[in-house]
Amino acid sequence: MLECMPKQQVEHTVGKINPAKTCQPIGAMYASLGIHGCLPHSHGSQGCCAYHRMHLSRHFRDAVLATSSSFTEGASVFGGAANLKTSIKNVFEIYQPEVMAVHTTCLSETIGDDVPTMIRQSEVPEGKYVIHANTPSYKGSHVTGFSNMCKAMVTYLAQYDGGMRKERVNILPGFVNPGDMREMKRIAQEMGVDFIMYPDTTDVLDSPLTSKYEMYPKGGATVAQIKDSGNSKATLSLGAWSSDAAGVALQEKCGVACIPLHIPIGLKATDEYIMALRNTAGVKVPSTLTVERGQVIDTLIDTHFHYQGKKVAVFGDPDTVVPLTEFLITMGMKPVYVMTGTPGAAFEDQTCKMLDEANITERKIKAEGDLFDLQMWIKEAKVDLLVGTSYGKYIARAEDIPLVRVGFPILDRAVHPLMPIVGYRGCLRLIEQISNALLDRRDRDSLDEDYELVM
Amino acid sequence: MTISDIELEQMYSRYPDKVKKNRKKHIVVKEGPEAVQKIEANTRTIPGILTQRGCCYAGCKGVVLGPIKDMAHIVHGPVGCSYYAWGTRRNKAKADENTPPEKMFSTMAFTTDMQESDIVFGGEKKLMTMIDEVVKIFHPRAITICATCPIGLIGDDIGAVAKAAEAKHGIQVLSFNCEGYKGVSQSGGHHIANNNLMEHVIGRGTRDKVGKHVVNILGEYNIGGDGWELERILKDIGYTVNCVLTGDSSYLDIQNLHAAQLNLVQCHRSINYIAEMMETKYGTPWLKVNFIGIEATIESLRQVAQCFDDEELVQRTEEIIAREVARITPSLEQYRKICTGKTAFTLVGGSRSHHYQYLLRDLGMEVVVAGYEFAHRDDYEGREVIPTIVADADQKNIPELHLEPDKELFEEGHIHLSMSQEKFEELKKRVPLSYYGGMYKCMKEGQIMLDDFNHHEIESLIEMLKPDIFFSGVRDKYVTHKMGVPAKQLHSYDYSGPYAGFSGALVFARDVTNAMTTPAWKMLDAPWDAPAASGGAPDA
Ligand code: SF4
Ligand code: SF4
Numbered sequence: 000m001l002e003c004m005p006k007q008q009v010e011h012t013v014g015k016i017n018p019a020k021t022c023q024p025i026g027a028m029y030a031s032l033g034i035h036g037c038l039p040h041s042h043g044s045q046g047c048c049a050y051h052r053m054h055l056s057r058h059f060r061d062a063v064l065a066t067s068s069s070f071t072e073g074a075s076v077f078g079g080a081a082n083l084k085t086s087i088k089n090v091f092e093i094y095q096p097e098v099m100a101v102h103t104t105c106l107s108e109t110i111g112d113d114v115p116t117m118i119r120q121s122e123v124p125e126g127k128y129v130i131h132a133n134t135p136s137y138k139g140s141h142v143t144g145f146s147n148m149c150k151a152m153v154t155y156l157a158q159y160d161g162g163m164r165k166e167r168v169n170i171l172p173g174f175v176n177p178g179d180m181r182e183m184k185r186i187a188q189e190m191g192v193d194f195i196m197y198p199d200t201t202d203v204l205d206s207p208l209t210s211k212y213e214m215y216p217k218g219g220a221t222v223a224q225i226k227d228s229g230n231s232k233a234t235l236s237l238g239a240w241s242s243d244a245a246g247v248a249l250q251e252k253c254g255v256a257c258i259p260l261h262i263p264i265g266l267k268a269t270d271e272y273i274m275a276l277r278n279t280a281g282v283k284v285p286s287t288l289t290v291e292r293g294q295v296i297d298t299l300i301d302t303h304f305h306y307q308g309k310k311v312a313v314f315g316d317p318d319t320v321v322p323l324t325e326f327l328i329t330m331g332m333k334p335v336y337v338m339t340g341t342p343g344a345a346f347e348d349q350t351c352k353m354l355d356e357a358n359i360t361e362r363k364i365k366a367e368g369d370l371f372d373l374q375m376w377i378k379e380a381k382v383d384l385l386v387g388t389s390y391g392k393y394i395a396r397a398e399d400i401p402l403v404r405v406g407f408p409i410l411d412r413a414v415h416p417l418m419p420i421v422g423y424r425g426c427l428r429l430i431e432q433i434s435n436a437l438l439d440r441r442d443r444d445s446l447d448e449d450y451e452l453v454m
Numbered sequence: 000m001t002i003s004d005i006e007l008e009q010m011y012s013r014y015p016d017k018v019k020k021n022r023k024k025h026i027v028v029k030e031g032p033e034a035v036q037k038i039e040a041n042t043r044t045i046p047g048i049l050t051q052r053g054c055c056y057a058g059c060k061g062v063v064l065g066p067i068k069d070m071a072h073i074v075h076g077p078v079g080c081s082y083y084a085w086g087t088r089r090n091k092a093k094a095d096e097n098t099p100p101e102k103m104f105s106t107m108a109f110t111t112d113m114q115e116s117d118i119v120f121g122g123e124k125k126l127m128t129m130i131d132e133v134v135k136i137f138h139p140r141a142i143t144i145c146a147t148c149p150i151g152l153i154g155d156d157i158g159a160v161a162k163a164a165e166a167k168h169g170i171q172v173l174s175f176n177c178e179g180y181k182g183v184s185q186s187g188g189h190h191i192a193n194n195n196l197m198e199h200v201i202g203r204g205t206r207d208k209v210g211k212h213v214v215n216i217l218g219e220y221n222i223g224g225d226g227w228e229l230e231r232i233l234k235d236i237g238y239t240v241n242c243v244l245t246g247d248s249s250y251l252d253i254q255n256l257h258a259a260q261l262n263l264v265q266c267h268r269s270i271n272y273i274a275e276m277m278e279t280k281y282g283t284p285w286l287k288v289n290f291i292g293i294e295a296t297i298e299s300l301r302q303v304a305q306c307f308d309d310e311e312l313v314q315r316t317e318e319i320i321a322r323e324v325a326r327i328t329p330s331l332e333q334y335r336k337i338c339t340g341k342t343a344f345t346l347v348g349g350s351r352s353h354h355y356q357y358l359l360r361d362l363g364m365e366v367v368v369a370g371y372e373f374a375h376r377d378d379y380e381g382r383e384v385i386p387t388i389v390a391d392a393d394q395k396n397i398p399e400l401h402l403e404p405d406k407e408l409f410e411e412g413h414i415h416l417s418m419s420q421e422k423f424e425e426l427k428k429r430v431p432l433s434y435y436g437g438m439y440k441c442m443k444e445g446q447i448m449l450d451d452f453n454h455h456e457i458e459s460l461i462e463m464l465k466p467d468i469f470f471s472g473v474r475d476k477y478v479t480h481k482m483g484v485p486a487k488q489l490h491s492y493d494y495s496g497p498y499a500g501f502s503g504a505l506v507f508a509r510d511v512t513n514a515m516t517t518p519a520w521k522m523l524d525a526p527w528d529a530p531a532a533s534g535g536a537p538d539a
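One line per chain: the protein sequences are A and R, in this order. So in numbering that gives the first Met the number 0, spot 452 of the first sequence is number 451, and the numbers just go up one at a time. So in numbering that gives the first Met the number 0, spot 87 of the second sequence is number 86, and the numbers just go up one at a time.
To be clear, the hints were calculated from the coordinates, so they are not data collected in a lab. It is possible that part of the hints are untrue.
To be verified - Capping the alpha-carbon separation at 20 Å, the derived lysine to any residue pairs in SDA-like fashion look like this:
1) A:K6 / R:N21
2) R:K91 / A:S389
3) R:K23 / A:E92
Isolated chain A, as found in the complex (with noise of 0.2 Å):
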């Protein structure tokens, strides 16, 4: 397996060899599944939606509705005015939507069309919402995209009514699977704070099978909420990459103010969302969250032996490495190889510090690098995991390394977007699927008189 990669270090200079990123489409279009009722919509030629979508249900084994402009050379050529209208009027008649949301593709950005005055052209049913988001391919990424679909639910559709503050919390969750959001939601539950969390996919890409098909499941954030969220006190940005422009557009068009927070995933990141939630609700922490992060601790020390002191890669998006990088250090890891394929200085300062302060200095940092990049330096000085998504498959078996799947896309594994990587239980899965790597490891190499029942 990849016997072709070069032996020796070798630096590529344009490109991706091995990306790990994508485009921003595929992002917006999973942040408008997390309001209620929505049927995201691909402004461009079909394609890009039919690999959306076949992505997304792939990652989620769950089904990914959306509909496409579905351009042909003329659109391309003339403007794409014409199928967006007519995909409007199509879509409220034939799907009944309560929100439409569109995103444009790198074909409709390099036109140049002009979605929001198309939108202001159609008719829109009574009651009915279409709201936008530029997500050209060509910038940022995957994540990119779900920021700017995050920022137009807010433009599109938050308001401040001018009236008295509500005691209530925004939660903006970031690119995470519903199953960390609804532990998000949990914790936030047991602390007894209102909140509206958006988007919120739980209930849409995790809904139950019970041989009753709803086009629009039941989960979602309501057009209701969102557009109350201006009248909040506050909101948790989670992930500087995916929420903080959300959070900041909230912060300047009604007032509601911004508090820019990692995703929960570790035990200090979850510490600070607790905290974060227990200073702006004014609540106190209930004893069953002191319970759950002393098990925490309580299994930190017991299993320390099977991971201090490993060199871990970790490449994912920002907003999931930067707290995983800080988890494993907590675990006494070395993450001595941070990547990312997502642009942003950002991502390299937080880590360094994150490292520096751990005191590991031989490490390799990267934003916008690529599993090519990875692997050359894995090949370089080789490490005892891998922590990423499931396109570090191929490097883990070229260089015998084993892989902890965590992050977007996992496509070659069961259950994980309805099992949490936040919060405390997060932090056990986290250390449950390290550890037994290791395990599985050591006893697949182990000699047979090393061979131990116990470990």
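With the hints as your guide, set chain R with the ligands onto chain A.
Quick look at chain R with the ligands alone, frame taken from chain A:
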């Protein structure tokens, strides 16, 4: 289990008038064995319809070029297109005597990852640098460049870059203007890929006809190892498989594609262009085969054997058929018991839905609704309709190659097959060379054909006809599950396979049986939801 007009009208009633008018032409309820009914196909998708179609690039890179294992496929455009076509079609490939492991690029993705400034100032330089670096790092035997949507718009001349790179590096660099918006579906991309391979790669090799009874398998992509199963059977009978296009194929094999006596065409839609062009240029006869299903495989093997003037081959074919059937029948029986009498929908691709009708019939099942994403009328109605197909503007955008017989390599069909002209004429009466009958003839009265099927129609038809199982792609799969109907993916086989040939039939039978009988289907309702024996209302 047929559908009434009233039910159909009910399905159409959701549609605005224009949409209704359009869609009615793409839906055919078969009237009877003698009926000749037209279906509209290969025309634009209605904007805003929840279609399952992909784009031109998907057909070109995703389907046809991607499986060529020893070429570096550089996708010129923003990152996404390359990313989604990376490893997702399960085209299996392995190193062999032609292709050492260090020349295998099947698990790699190369993209110029165009950025905003590249879009503004043009990406030709970047593409050239990328080619330079890929050559320096990987030393591929040849390179393909595929253009995605914005490339055509900004006017990058990928043909010129390819030419310059070829001169610079001394390897072939092929460019494909398969921008996503071209044509109306992935079909245009198949055509573009076919043309380019025909014009620039096929025929460049100097391989002589190796072995006896040399065949190519065209339009077989080795998903889940299908191609390997076919090679196993054909080799056992005594054929030499010259090249499988493009599943597990190498650049070298494709250059030598002309060194075969007969072309077997598995997927008609994606590759018939090459079969036809090779017939014109080299005189190579082609035969549409179907290796999906036991009866279909047997029938195809018998037809292929007849194409060679060799009694021994015919006999060996019967021996292998008998051996294979004896091998799989006992295990198959247990599955057949469960499958018999069940109904299915097959909605996938541009030939597959038809192929699977045979395999399902082997299991005692009936396909009640069948359709394609990107077929043309001849895939439904048979090649006899080709002269009556009127090309519209979208079809005219895909260039046609007009070829002449090759001065050196052209041979008459009968010479290819080493038989006399008379025997060849006789053969043509028995075996339908250069012909594909299409899906329609395989359908029975009351069964439904759907072109460019969409979510609403699928949902309505499932509700009305309640099939026992649904075959399509991953985008429909989970919707179907939520409707209480088991679904199997016929693009990726749900990560199983092979499904072709004799071994494949068995794997398929097992997978289908498991899908229908997995115990969870009986446990959909929670115990507390059932009305209590005492007659009380359910809890939830
Ligand atoms: S990169 Fe552009 S053309 Fe490709 S899938 Fe993404 S949006 Fe579509
Ligand atoms: S049947 Fe369809 S999906 Fe399959 S290879 Fe042919 S064109 Fe592709």
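Hints the structure fails to honour: 1
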